[in-house]
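The listed protein sequences derive, respectively, from chains A, B and C.
Here the first sequence is numbered in this note's numbering, starting from 1 and rising by one per residue.
Here the second sequence is numbered in this note's numbering, starting from 1 and rising by one per residue.
Here the third sequence is numbered in this note's numbering, starting from 1 and rising by one per residue.
Keep in mind the hints are simulated off the structure, nothing from the lab.
Please note that a few of the clues may not be correct.
To be verified - Computed spacing ranges between beta-carbons, pair by pair: (1) B:Glu220 <-> C:Arg165: 33 to 41 Å; (2) A:Leu5 <-> B:Pro208: 55 to 63 Å; (3) B:Pro93 <-> C:Asp309: 37 to 45 Å; (4) B:Ala337 <-> A:Tyr53: 26 to 34 Å; (5) B:Pro93 <-> C:Gly320: 51 to 59 Å.
Unchecked claim - Straight-line distance between alpha carbons at most 30 Å, and here's what the computed DSSO-like set of lysine-lysine pairs gives: (6) C:Lys189 <-> C:Lys171; (7) B:Lys205 <-> A:Lys150; (8) C:Lys303 <-> C:Lys126; (9) A:Lys127 <-> A:Lys150; (10) B:Lys47 <-> A:Lys151; (11) A:Lys99 <-> A:Lys241; (12) B:Lys9 <-> B:Lys215; (13) C:Lys190 <-> C:Lys171; (14) B:Lys215 <-> B:Lys205; (15) B:Lys205 <-> A:Lys151; (16) B:Lys148 <-> C:Lys161; (17) C:Lys161 <-> C:Lys303.
Just so it is clear, CB atoms sit at the ideal spot from N, CA and C, and this is done for glycine as well.
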Amino acid sequence: MASDLLRLARRVAEGSIRVVDLTQTLTQEFPIITLPPELGQCAPFRIEEVSRYDERGPAWYWNNITVGEHCGTHFDAPIHWISGKDLPNNSVDTIPPEKFIAPASVIDCSRECAADPDFTLTVPFVKAWEKRHGRIAAGEWVLLRTDWSKKSYADYAGLTEEGAHTPGPEPEVVRWLVEERDVHGFGTETIGTDYGQAQHFNPPYPAHFYMHGKGRYGLQCLTNLDQLPPRGAVIFAAPLKIKQGSGSPLRVLALVEEAPPPRPRRASRGRRSAAGRSR
Amino acid sequence: MIEPLVRPKRKNPLKRTRQPLHPQSVRSRTAHGLTAAAAQGRFELQKCLECAMIFYPPRDACPRCLSARVPFVPVDNRGTLAVETTIRTSTDPYFRERAPWRVGLTRLDCGPVVLAHLHGDVREGDRVRLDLKLDKGGAPVIIALPEKDTPHMTDDRQLREMTCDPKFRRVLITDGRNAVGQAMARSFSEAGASIVFVGVADAWKPFPGQEALRKIARVEIVPLDLTDTESVAELAEQNGARTDIIVNTAEHVRPGGILQRHGLTVAREEMDIRYFGLMRLAQAFGPVMRSRGADGVNSATAFVNLLSVYALTNWPAYGAYSAAEAACLSAAQCLRAELRPGGVKVLNVFFGPLDTEWFQTVPPPKVTPEALARAVVQALQRGLEEVFVGDVAEEVRARLSVNPKALERELAG
Amino acid sequence: MTGAAIRMAYDGVVACAPVTVPYRRFSINTAHWWIGRALRDLTRAAGLEPPQIDGLVLSSFTLGPDTAVGVTQHLGLSPRWLDHVPLGGASGVVGLRRAARAVQCGDARFVACVAADTNHVDSFRKTLSTFSRFAQDAVYPYGAGGANASFALITKNYMNKYGARREDFGKICIAQRQNALAVPFAMMKKPLTLEEYMTARAICDPLHLFDCVMPCAGAEAFLVCRDSDAKALGLASVRLLATIERHNAFTDDPVQERGGWAMDAGELWQMAGVPPERIDLVETYDDYPVVVMMQFEDLGFCKKGEGPDFVRSHTFTTDGSFPHNTCGGQLSMGQAGAAGGYLGLTEAMRQLTGRPIGRPVAKAELALVSGFGMINYDRGLSSGAAILARAS
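Construct the complete structure from the given sequences, taking the supplied hints into account.
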């Protein structure tokens with residue numbers, strides 16, 4: 001209804017609907033997925049100044065950027081995985097636009113992850129969460145709050161000789177979320193929707209395999225999930241309309257009903273400090 | 001006796017920086033035969049193929065039999081210093097501010113009388129060795145050294161104008177993630193560099209050898225990503241004025257040619273790390289290094305490129321790699337011309353396959369990172385411009401001067 | 001050259017009308033301007049109109065980008081005989097040789113021999129840096145000491161080998177300075193003492209300040225024509241008894257200790273028909289005192305290595321036992337570039353015709369003028385000498 005929309009706009013403007021930015025700033029330093037060296041790699045975010053009010057362009061400042069589709073806070077489309085390659089409307093330019101707006105259930109396992117970087121989300125854990133917060137509804141994003149985005153870059157990437165040790169879902173819970181709860185997609189704070197050692201799961205990378213195999217979506221490198229209520233946030237997540245794109249960096253916004261108590265603004269993590277990056 | 005070099009004091013921030021000057025660097029085309037020899041550390045003069053006369057200065061015909069077959073060849077560099085003088089004043093600003101400056105006439109055993117710069121330890125009547133070096137203007141000059149090495153020989157003031165000695169200088173090794181970068185850090189620390197900055201990109205990704213790297217004396221790890229313009233610029237802002245030598249150890253080695261590659265993502269990485277990386281370093285550090293070429297004992301002095309010898313001739317088994325290296329070589333030559341007015345040398349170090357992971361399937365002989373690092377330090381101590389390290393590189397160099405086409409075919413297999 | 005036939009005598013040809021355009025330390029004018037001054041003074045002194053000059057010898061280091069032919073159009077001459085002689089200090093004697101033969105066989109009638117150079121503040125440095133290919137490749141990059149460094153090495157070697165001392169070189173310089181005091185436009189105007197000479201600023205060991213000439217701007221010129229024409233013009237003149245010339249002599253000497261005169265001196269005296277003792281005044285090319293000593297030896301006034309003794313046992317002022325560089329030479333007059341190679345000729349001509357610009361040498365009948373120049377790599381390549389006699 002038109003009045004609902006206008007009311008939405010007014011409440012956003014006056015702050016009684018709070019907009020939470022779930023997006024990491026796109027910078028060169030932010031960790032990205034690293035595959036075995038023999039395989040093709042995701043291009044990191046890089047920025048080249050074209051001009052800055054100088055002899056290259058006297059009155060303007062602009063940049064050229066290069067970035068991989070799966071760099072920084074980004075959206076995964078079903079075409080990204082082999083299991084979703086033949087589904088209809090499976091690329092970022094063909095996904096119906098109404099799919100870019102959906103409510104979210106935010107599952108908090110930050111305490112468990114603080115104790116164990118190899119924490120994996122299981123069906124029992126989700127069922128326990130549902131007991132407290134209600135059943136996950138169909139068409140909802142399931143966002144995994146791990147507070148991983150607060151870590152230093154080295155701890156965030158969690159790389160060792162075995163690869164990454166970062167939290168993520170077991171194969172069974174992904175299958176269950178899709179088949180038993182009909183979720184919209186799965187979102188994480190980590191690099192990748194999958195558990196760090198998911199190459200050893202069966203099937204490997206089950207978050208990708210099952211979600212995309214069933215035409216569902218992924219969101220990665222989210223932040224500020226700790227500002228969302230367990231239920232009721234509405235997510236706006238529209239990727240760039242790239243021809244046959246498998247995903248893209250994007251701005252993920254959450255609309256939240258109540259204004260929370262005032263909390264200090266998170267400092268920007270754009271440029272490195274002069275003392276050298278210690279993250 | 002040469003006074004040993006003393007570690008320079010901190011620079012006085014209120015004093016103007018001395019601007020670089022250099023001796024006249026115009027040479028005749030034939031005299032550039034000396035440039036070619038000096039660049040690679042050989043002592044060569046012209047020898048007539050018909051009457052065997054060895055002569056100097058460079059000429060276009062033999063002064064004895066008028067033959068035009070007068071190539072530059074290695075000759076015996078031993079002689080006797082016949083007479084010396086000390087220049088107290090000069091119309092040329094470079095020498096004027098470096099006076100007193102000693103030169104003398106040496107009678108070479110093989111014949112010619114040569115006017116040469118004099119090392120502080122040689123006197124009239126001494127037996128000497130002549131060495132061909134590139135002076136501050138990158139032009140070939142001859143210096144008479146003592147017959148045998150003397151204590152602190154390389155600290156001689158006149159000789160140091162022609163070398164890029166790492167002693168007491170501050171070095172930036174651009175990539176410490178790989179074995180070559182780590183061996184380089186070790187070698188420069190041992191060669192007496194006062195600080196060895198080692199660049200590491202993506203510190204959040206661990207790498208083998210990182211603990212040992214941190215423990216090397218006078219190593220300081222700095223963030224540096226050669227694929228990120230801002231990263232290079234930031235490091236130059238903080239460190240550019242205290243970077244005297246850059247050694248670009250960033251590497252990108254992948255087997256395969258051009259045709260069999262699938263897509264361009266690897267080629268983009270290759271060019272980004274190697275060719276654009278070099279450009280970023282040049283743009284960020286070049287101007288300040290060029291302005292510091294005369295800035296005291298620890299003046300800016302050299303930019304070292306580590307290049308595959310296959311930059312000179314493509315090896316199709318590593319064909320795309322060869323092409324990226326070739327792009328770097330051409331850019332390095334441009335950089336050499338651009339840095340020369342500041343008295344900063346560009347040293348290109350060529351090597352065949354390395355004894356590192358991406359050359360795993362290549363049979364020996366291969367160059368170890370340690371051997372490469374040692375060769376780089378020695379080349380800087382001698383002030384060379386081109387060095388070929390290892391048997392494969394030496395062979396490619398030799399074969400290129402005989403028949404490049406044969407080499408092209410045989411490398412293609 | 002014992003046993004060789006003497007060369008053809010210089011019958012019927014004379015040199016006359018010596019002209020010096022007073023030297024200046026620095027000049028904003030060009031070499032062309034100085035040549036113009038010299039030619040005007042020369043034609044006036046000779047009583048000629050410029051179109052009558054049908055032969056031209058020209059020497060200059062700062063004429064670029066012109067050579068002699070550019071000067072013909074610049075100054076309005078139409079000679080039928082032209083020679084650009086770029087031999088530095090040997091240019092005068094060589095130019096005289098060329099002009100004399102041209103007049104003798106009728107290729108030209110009135111040959112103007114002119115040397116001129118300007119001196120801007122950067123002339124010296126620029127001349128050094130582009131002096132010759134060997135200088136560019138193998139000398140200038142080694143300290144840019146110019147000829148000072150090259151002759152320092154030659155001087156040191158000579159001192160090592162033959163026992164010459166700085167005091168011996170000083171004696172030559174001091175006598176020349178004495179001779180120059182009577183010349184109004186000499187660059188150096190005060191007497192020189194031995195102490196001043198010995199303690200002067202070191203330039204390039206063992207050379208000190210007063211071993212080196214002062215570059216300046218200036219011009220020298222004279223006329224070469226038939227004896228009969230000089231008489232008809234009423235010009236006092238001198239005859240040529242003998243001349244020699246040599247380039248790149250003694251290539252096997254590791255360090256230069258003799259010039260080309262040593263190869264040809266015998267021919268000089270044989271052609272002149274007089275012994276060295278008969279010479280009343282000697283004008284050597286004095287870019288450095290060691291070269292003066294070498295000329296004493298190589299021209300036959302003493303043996304090789306006896307130069308130091310010769311200097312110690314003679315006096316060199318105009319009234320001395322061996323009148324030498326009688327108007328002060330370049331060491332006291334200044335070196336006006338290539339004009340330094342003509343200075344000895346004009347001075348000898350003036351002494352022989354009784355019109356010196358400084359003090360006269362008594363009863364001057366025979367003069368020897370020596371030229372030397374073009375330090376290319378490590379030695380001066382060109383040498384020449386002429387024995388002149390007063391024309392009766």
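Exercise. Which of the stated hints cannot be reconciled with the structure, identified by number in ascending sequence?
Worked result: Per hint list: 1, 5, 8, 10 violated.
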